[in-house]
Amino acid sequence: MSALRLALHRCVDLTENALGWLFPPAWNPVLNLGALGFFFYWIITVSGIYIYIFFDTGVQNAYQSIEYMTHEQWYLAGIMRSLHRYASDALIIVMLLHLVREFARDRCRGVRWFSWVTGVPVLVMVYFAGISGYWLVWDKLAQYVAIVSTEWLDMLGIFGQPIARNFLSPDALESRFFTLMIFMHIAIPLIALAILWIHLQRVTKPRINPPRGLALSVFAALMALSLIHPALSQAPADLAVVPGKVGLDWFYLPLYPLLETLPGNLTWGLAGCFLVIMIAIPWLPPMKRALPAAVDLDNCNGCARCYNDCPYNAITLVARTDGRAFEREPLVNPAYCVACGLCAGSCPTSMPFRRLSALSPGIDLQERTIASLRDQTEEVAGGLTGPGRIMVFGCDDGPALKRVASQSIGIVPVVCLGQLPPTFIDYVLSRNLADGVMLTGCSENSCTARFGIEWTKQRLAGERDPHLRNRVPRERLRTLWAGAAGTGALQQALVEFSSELASATPDVRAAPPPTCSPATMETQDA
Amino acid sequence: MPDMLRYAGQFVFLAMIMVVIGYFSSQPVYLQIPDGMAQIKLSFSHGGARKVDCRKLTVKELAALPPTKRRPNTCGRERIPVHVQLVLDGQLLYDELLEATGLWNDGPSRTYKKLIVPAGPHVVVARLRDTKRQSGFDYEVSQDVTLEPFQNLAIDFKADAGGFQFR
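Line by line, the protein sequences are chains A and E. Its first residue numbered 0, the first sequence is counted upward by one per residue in numbering that gives the first Met the number 0. Its first residue numbered 0, the second sequence is counted upward by one per residue in numbering that gives the first Met the number 0.
So here's chain A without its partners, still in its complex pose (with noise of 0.2 Å):
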């Protein structure tokens, strides 16, 4: 299974990075698939209650007003018919590309087994919802998929008269069925509507609107599609004629072909096994699970930094317990938690200038505590030596950083950039630790902690508590969002960065001390 889940990283990586060069990283498609689905998924409804509208649910009308719909009403209806095919199909792609880069990333077993067994109905009803749109065409596509759906539930020898005697003949068809398959067409996606809201339960501000660049270039695609190859109707549906040759939408029925020369019990085994092995995957094999993060009451304020930040809703604020004079303490949920320490680095006790008390932020990572942290930055600063010296802290999955360690490169992994505070650039600069800063981690839009990126970023840029310190020279502060095939661009980055600040600064190694004592930068800071 790693071995699988290593070789579609690769793919995955190397398509990020390929789109990458294509669109801005707000834009890149395969970092917005979630969000791409929900946008796919109201043009199918709005597109569909509009065709609804025509769409006569008897058996012998229901063809000749989809009909009506495309020929007749092309301008309008027949391009919401469309829209309502292809968005579908498109709905297919993006959700089967989103299961297989959430797998590839790891991001489904641990405690984000949630998002992915949820998920696994709503894929099966987005094909039952398909499938059972096709039905209601009733031309020859749809009285193969009808003959093929009744026959291979038949199979089951659950139900009291086989269903697929429905369609033995044309006598034997009644308008009742037509009313069924209407009902579970809309009823199926609203059912799964409903599941995707607890999909989304255990990730805070879930992105589920693609930027409206990408949404209006993807809606433009689709529109120029349906005007350009409108989805047409088959031959109209005949029980006394074999459809024969058909034009199977190979998106949602692919293994219709096989259903049908299959036996049953091969095809409903393999099915349950599938079923199973997808619900099964979090624990295929279990992870090994990081400790989730702890509070410390005796430096926590219940500011609710943590709270606001932490990307997986494992925080919950409640009240004081220790008869201090705060209103809240923040609460972690170990069955949220993913140990990613977004919580740690957005605490303001994260102060690696702190030498008067132990360094113990109010919340932190059990396992790579703040303190270990800034342990591990005096250690790799001691060795560094030559001009342009540069302290690399990179996240998990990005760039290897052992690949870009050197005399001058020293580098300090974190579980994710998130959990860096600010404040360890400016104690890195002020001590003379280093003569930069590169901070380096997942695809920009991409980050395996889902905010850790972007709470950088603004906590950087000032717009995100804790914010990086004015005095802090910008210049010597460089970000690399490259990803794990990022090894080669963050080498390069780290040559120019090196040859740049070796010019631009003398040899600090010669610099005397800095003049503020740890008191007065703890005083300064804090």
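Since the hints were derived computationally from the structure, they do not count as laboratory data. Among the clues, some could well be false.
[Unchecked claim] Heads up, simulated DMTMM-like pairs for lysine to aspartate or glutamate below, C-alpha to C-alpha not over 25 Å straight-line: (1) 157/E <-> 150/A; (2) 112/E <-> 143/E; (3) 112/E <-> 150/A.
[What the hints assert, rightly or not] Okay, the calculated beta carbon distance ranges per label pair: (4) 0/A <-> 104/E: 43 to 49 Å; (5) 377/A <-> 1/E: 42 to 48 Å; (6) 7/A <-> 5/E: 26 to 32 Å.
Beta carbons are placed, not taken as given, at the ideal position from N, Cα and C, and that holds for glycine.
Please build the complex by placing chain E on the supplied structure of chain A, with the hints as guidance.
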């Protein structure tokens, strides 16, 4: 990358996706049965005779029953299998002993069978035995049919309507 080149690349990318969607939404065409073939679909739901025939209850048996459960006849639940055969141009195409459905084998026997045959003129013979007779069939019909390519000939069975029905 220059902006114009970027925009052009975005256009090409979206156009490619739309071509993929437009094409695979209805192509390539799937051939359900080969050219020149037709389909015979045999399907029915029919209960065979009871394994133990119905009989009148004796006076003694009736007296032993609670008053609310007294009825003149008693019948065994289990039904015998239905034997069905389909012969095309003298060649046995389908020959099956269909067990009664239900946990106690007390439901009707059912079948739903699709047979792909060459189009053209044929003599179709359908036979069914639903009683305890050891040989022969209770229902038999022979019909000359000319099947067009891709035609679907449905054969149903309804004892009330006289047996096999060709549609």
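Verification of the supplied hints:
no. : hint                      : in the structure
1   : 157/E <-> 150/A           : holds (21 Å)
2   : 112/E <-> 143/E           : holds (20 Å)
3   : 112/E <-> 150/A           : holds (10 Å)
4   : 0/A <-> 104/E: 43 to 49 Å : holds (46 Å)
5   : 377/A <-> 1/E: 42 to 48 Å : holds (45 Å)
6   : 7/A <-> 5/E: 26 to 32 Å   : holds (27 Å)
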